[in-house]
Amino acid sequence: MPSERIRLTANFKLADGNPPEVSCLMDKYSEMVNELLEYAQSKGITSFKRLKAEKYHELRAENPELPSHYIYTACQMASWTYKSFRKLKRRGKAHGDRPLFKKGVVMLDDHLFTLNLEKWEASIATSKGRISVKLMHGTYHEKFKGDEGRRSLAHPEPKR
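Position 43 (the sequence shown) corresponds to 42 in numbering that gives the first Met the number 0; numbering is contiguous.
Since the hints were made in silico from the structure, they are not lab data. Mixed in with the good hints, there may be bad ones.
Said to hold, decoys possible - Quick list of in silico lysine-lysine cross-link-like pairs, DSS-like style, CA-CA up to 30 angstroms:
#1 133 x 92
#2 101 x 82
#3 133 x 144
#4 27 x 51
#5 82 x 92
#6 144 x 118
#7 51 x 102
#8 48 x 92
#9 118 x 92
#10 51 x 82
#11 144 x 92
#12 102 x 88
#13 144 x 42
#14 82 x 133
#15 102 x 142
#16 102 x 42
#17 88 x 101
#18 142 x 51
#19 48 x 127
#20 12 x 82
#21 102 x 127
#22 42 x 12
What the hints assert, rightly or not - Each pair of labels, with its calculated beta carbon distance range:
#23 57 x 79: 16 to 22 angstroms
#24 4 x 79: 17 to 23 angstroms
#25 144 x 60: 22 to 28 angstroms
#26 3 x 103: 31 to 37 angstroms
Here a beta-carbon is modelled for each residue, glycine too, at the ideal position from N, C-alpha and C.
Kindly generate the complete structure, drawing on both the sequences and the hints.
Structural data, given as structure tokens:
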């Protein structure tokens, strides 16, 4: 019987609100994901590989200042979102006639961030270089100490 690798994932919220660089990045990321969703729906593409093959170079040319992995992860996010939308639509549970990415979320892979779990900080790649941000954490996040972390979703702290 083949063995499977199980990977823990975590969502982290930014402790000090949203630095301007992160706000700009989240807006750009959301814009890219929505553009990819529109394209995926118009062509009926659910495959990440096909979506990336058809749109990556165009988005890379439009956004040369962004690290390339933001476009890669935007393609992943768009394909997952579109697949989920189609499934909900078949079940009659979809809201609206097209998928829309509204969240203030950026998917970060190991090329886009590094974690320092001793200080609860993350270094995030932006168009202007890397910035360091403090992370909110709880007891669940303690299990990640000793693990280098491969993928994360960064959320801004909700406004109260």
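Do the hints match the structure? See the list:
no.: 1; hint: 133 x 92; in the structure: 37 angstroms, violated
no.: 2; hint: 101 x 82; in the structure: 16 angstroms, holds
no.: 3; hint: 133 x 144; in the structure: 16 angstroms, holds
no.: 4; hint: 27 x 51; in the structure: 17 angstroms, holds
no.: 5; hint: 82 x 92; in the structure: 14 angstroms, holds
no.: 6; hint: 144 x 118; in the structure: 11 angstroms, holds
no.: 7; hint: 51 x 102; in the structure: 21 angstroms, holds
no.: 8; hint: 48 x 92; in the structure: 27 angstroms, holds
no.: 9; hint: 118 x 92; in the structure: 42 angstroms, violated
no.: 10; hint: 51 x 82; in the structure: 15 angstroms, holds
no.: 11; hint: 144 x 92; in the structure: 39 angstroms, violated
no.: 12; hint: 102 x 88; in the structure: 20 angstroms, holds
no.: 13; hint: 144 x 42; in the structure: 43 angstroms, violated
no.: 14; hint: 82 x 133; in the structure: 33 angstroms, violated
no.: 15; hint: 102 x 142; in the structure: 26 angstroms, holds
no.: 16; hint: 102 x 42; in the structure: 24 angstroms, holds
no.: 17; hint: 88 x 101; in the structure: 18 angstroms, holds
no.: 18; hint: 142 x 51; in the structure: 33 angstroms, violated
no.: 19; hint: 48 x 127; in the structure: 28 angstroms, holds
no.: 20; hint: 12 x 82; in the structure: 26 angstroms, holds
no.: 21; hint: 102 x 127; in the structure: 23 angstroms, holds
no.: 22; hint: 42 x 12; in the structure: 35 angstroms, violated
no.: 23; hint: 57 x 79: 16 to 22 angstroms; in the structure: 20 angstroms, holds
no.: 24; hint: 4 x 79: 17 to 23 angstroms; in the structure: 20 angstroms, holds
no.: 25; hint: 144 x 60: 22 to 28 angstroms; in the structure: 40 angstroms, violated
no.: 26; hint: 3 x 103: 31 to 37 angstroms; in the structure: 32 angstroms, holds
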